[in-house]
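Enquirer: Each chain is listed here by its residues.
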Amino acid sequence: MNKIIEVKHLKKNYGDKEVLKDINAVIEKGKVITVIGPSGSGKSTFLRCLNLLEKPTSGQVTFEGTELTDLTEEELDQLRQKMGMVFQSFNLFPNMSVIENVKLVPMKVKGMSDQEAGDLAHELLAKVGLDDFADHSPASLSGGQQQRVAIARALAMQPDMMLFDEPTSALDPEMVGEVLKTMQDLAQTGMTMVVVTHEMGFARKVADEVWFMADGYLLEQGSPDQVFDHPQSDRAKDFLAKILEA
Amino acid sequence: MKKIKKSGKLVVGMSADYPPLEFTKNVNGKNKYVGVDVELAKQIAKDLGVKLEIKNMDFDSLLVALETGKIDMIISGMTPTAERKKSIDFSKIYYAEKSDYFVISKTNKAKYTSTASFKGKTVGAQTGSLQYTSLKKNAAKSGIKVKGLAKISNLLMALKSGKVDAVLLGELNAKTYATNDTSLSLVKSSLSQAQMGNAVGVAKGQGDLVKAINKTINDCQKQDLFNKKYIPAAAKAMKQASSKTNNSMSKYASYFATGLGYTMIITICSITIGLALGVIFALMRLSKNKLLHAIAVCYIEFLRGTPQMVQIMFVYFGVGMLIKNMPALAAGIIAIGLNSGAYVAEDIRSGINSVAKGQTEAARSLGLSQAKTYRYVVFPQALKNIWPALGNEFITLTKDSSLVSVIGVGELMYETGLVQTATYRGVMPLFITMCIYFVVTFILTRLLNYFERRMNLTSSRA
Chain Y
1 MNKIIEVKHL KKNYGDKEVL KDINAVIEKG KVITVIGPSG SGKSTFLRCL NLLEKPTSGQ
61 VTFEGTELTD LTEEELDQLR QKMGMVFQSF NLFPNMSVIE NVKLVPMKVK GMSDQEAGDL
121 AHELLAKVGL DDFADHSPAS LSGGQQQRVA IARALAMQPD MMLFDEPTSA LDPEMVGEVL
181 KTMQDLAQTG MTMVVVTHEM GFARKVADEV WFMADGYLLE QGSPDQVFDH PQSDRAKDFL
241 AKILEA
Chain F
1001 MKKIKKSGKL VVGMSADYPP LEFTKNVNGK NKYVGVDVEL AKQIAKDLGV KLEIKNMDFD
1061 SLLVALETGK IDMIISGMTP TAERKKSIDF SKIYYAEKSD YFVISKTNKA KYTSTASFKG
1121 KTVGAQTGSL QYTSLKKNAA KSGIKVKGLA KISNLLMALK SGKVDAVLLG ELNAKTYATN
1181 DTSLSLVKSS LSQAQMGNAV GVAKGQGDLV KAINKTINDC QKQDLFNKKY IPAAAKAMKQ
1241 ASSKTNNSMS KYASYFATGL GYTMIITICS ITIGLALGVI FALMRLSKNK LLHAIAVCYI
1301 EFLRGTPQMV QIMFVYFGVG MLIKNMPALA AGIIAIGLNS GAYVAEDIRS GINSVAKGQT
1361 EAARSLGLSQ AKTYRYVVFP QALKNIWPAL GNEFITLTKD SSLVSVIGVG ELMYETGLVQ
1421 TATYRGVMPL FITMCIYFVV TFILTRLLNY FERRMNLTSS RA
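Note that the protein sequences, when read in sequence, are chains Y and F. When we follow our numbering, the leftmost residue of the first sequence carries the number 1, and every step to the right adds one. When we follow our numbering, the leftmost residue of the second sequence carries the number 1001, and every step to the right adds one.
Excised from the complex, chain Y in its bound form:
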């Protein structure tokens, strides 16, 4: 088994509130995992604990054989390069053009030349279908386009895996498709992906594994068919029933 991430007894508290209660999981290289569950179940917090944007209260997160929770900030910076992340609210840098957004970190962290970074950025923007917009400002793009730029920006660091935190939740419905399509293309290249999402169609179609979270626990792990058609826990049955009704 070729595991890229292993999570053991992960717990996260905000003050007195326990958001994650003892999560144990393994992510295998090349797999696409979608994380579903009701709001407030801890999905996003779980995802942010994987690259330590949130510091776990206790437990271990091992990435490519390295235990992350006791690394220094500098060592973490190194490892975060290998875990791209895409946010619900895109978080493009508004003071830079589209291509500058993609070029910035390869140049500043990897020491690429302007030329190298530019070539790479154009290639990635072409891949997400936005090379024509390279010199535009992020604000002049639609939400869907911005999110695709954000994906290109994350890919520019040539990561080993990608984390998606509800990437389509802030989008107008007609733009959800283009972003999901980009993600699906990416999945087909063999990229390891963890996607927190409310898009059940996508979750079922693209995922190798579906994880169901509720109340800070990882309640179900299995193939899409297993989780969607034969949920074991009452919480999952409840959740899926409500989703399918709607």
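Keep in mind that the hints were calculated from the coordinates and are not lab data. The structure displayed is predicted, hence computed values, not measured ones. Hints are not guaranteed to be accurate.
Pairs of lysine to aspartate or glutamate residues, derived as EDC-like cross-links and limited to a Cα-Cα distance of at most 20 Å, are as follows [to be verified]: (1) Lys242/Y with Asp215/Y; (2) Lys1372/F with Glu73/Y; (3) Lys1357/F with Glu54/Y; (4) Lys82/Y with Glu1361/F; (5) Lys1106/F with Glu1171/F; (6) Lys1229/F with Asp1047/F; (7) Lys1372/F with Glu100/Y; (8) Lys1204/F with Asp1089/F; (9) Lys55/Y with Glu67/Y; (10) Lys1372/F with Glu74/Y; (11) Lys1136/F with Asp1060/F; (12) Lys1372/F with Asp77/Y; (13) Lys1147/F with Asp1060/F; (14) Lys110/Y with Glu1361/F; (15) Lys1288/F with Glu73/Y; (16) Lys1357/F with Asp77/Y.
Go by the hints and put chain F onto chain Y.
Expert: Structure of chain F alone, referenced to chain Y:
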């Protein structure tokens, strides 16, 4: 005394707005100190065989300046009262006045005839002067309300604009002002105790210096130089100074120019210091290190919570005790820079806080270190929010630089005071100064707006 001889320079402090004892005269556009006390100072310097340097400052500041070694002696029509003797030593009396006079407007001549007629009225006096003390002491008995101002020229302006009903001055002063301004009239005061006269003040424990001064005074009195030479010379200088031709503002253009020059120097240097400190303290305040954070909070709160005027005087006199010979200009720049640092730090901090948290998260998730995240992502965005606030701070600072005139730095406000005393015109110099400040800040505002627009253009291009 040794120090004076060693430096070859005698630094005499005076409040040069007290004709005919000490005042300023415009000679070919240059400012010159003249008057009876100046003549005496020259003689003392000559007898000591050193060069004379005169430092002009508010009367109130003289004692502190002497105690902190900013000046070697005070010759400023100062009376050796018992209270003053507690902190400094005096020479023998070199000149004594007979009594004080109420200066009033001529139109009120019938209304005010004696000290008793000022009951319930407001009378102005120079703060720290003997007249001021005497008014205060007798306030209950005489029923006179006292208003203290630092400069005689401002007192007379207050008289003319009806803010005070009379101004109490020493004999010499009162008579010269009344001679030079025919709209004024005098009423002899019965308030004051017997006049003690004027003496030279020196720091405690300098017996040799006092002896030397007394010798000069004795020589002068023997030859009756005061009455024969000094007073007539002073009167002549005053007449020249107050003559109509000498009163036109264009003659004093160089004063305003010098003042503006210093104002610009102070402004530019203080902004530089303020910016540097502001960045440092903003980062300290945003730091996770509790100690750094606490230091920054204390600094910012303290500097913002105390008056800038007090800070300027504290730096000049207080810190000046540790660092001898700190020039007033340097003290002024440091004080204003320190103060500005606190405000700039808050502008920067709020600018940085206004950048969405997602920006930092996105940058960090890409592997950008915290320092680089600040440098390439947060700060460029924060600058857009910081800039307008910073612009306001620059403009405020330009105007607040006028406060350093209290420690005698020759900036615009200070030079204005000189023009006021030299020309006996209160309002016109102020008006000119106001216009100069406005032009400077107006240009600054345009400049800042230009950069603000450019910044918005670069970030919103499509």
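Enquirer: It remains to establish, for every hint, whether it holds in the given structure.
Expert: Okay, the hints, checked on the actual structure:
| no. | hint | result |
| --- | --- | --- |
| 1 | Lys242/Y with Asp215/Y | holds, 17 Å |
| 2 | Lys1372/F with Glu73/Y | holds, 13 Å |
| 3 | Lys1357/F with Glu54/Y | holds, 13 Å |
| 4 | Lys82/Y with Glu1361/F | holds, 15 Å |
| 5 | Lys1106/F with Glu1171/F | holds, 18 Å |
| 6 | Lys1229/F with Asp1047/F | holds, 18 Å |
| 7 | Lys1372/F with Glu100/Y | holds, 15 Å |
| 8 | Lys1204/F with Asp1089/F | holds, 5 Å |
| 9 | Lys55/Y with Glu67/Y | holds, 13 Å |
| 10 | Lys1372/F with Glu74/Y | holds, 12 Å |
| 11 | Lys1136/F with Asp1060/F | holds, 16 Å |
| 12 | Lys1372/F with Asp77/Y | holds, 11 Å |
| 13 | Lys1147/F with Asp1060/F | holds, 15 Å |
| 14 | Lys110/Y with Glu1361/F | holds, 19 Å |
| 15 | Lys1288/F with Glu73/Y | holds, 14 Å |
| 16 | Lys1357/F with Asp77/Y | holds, 18 Å |
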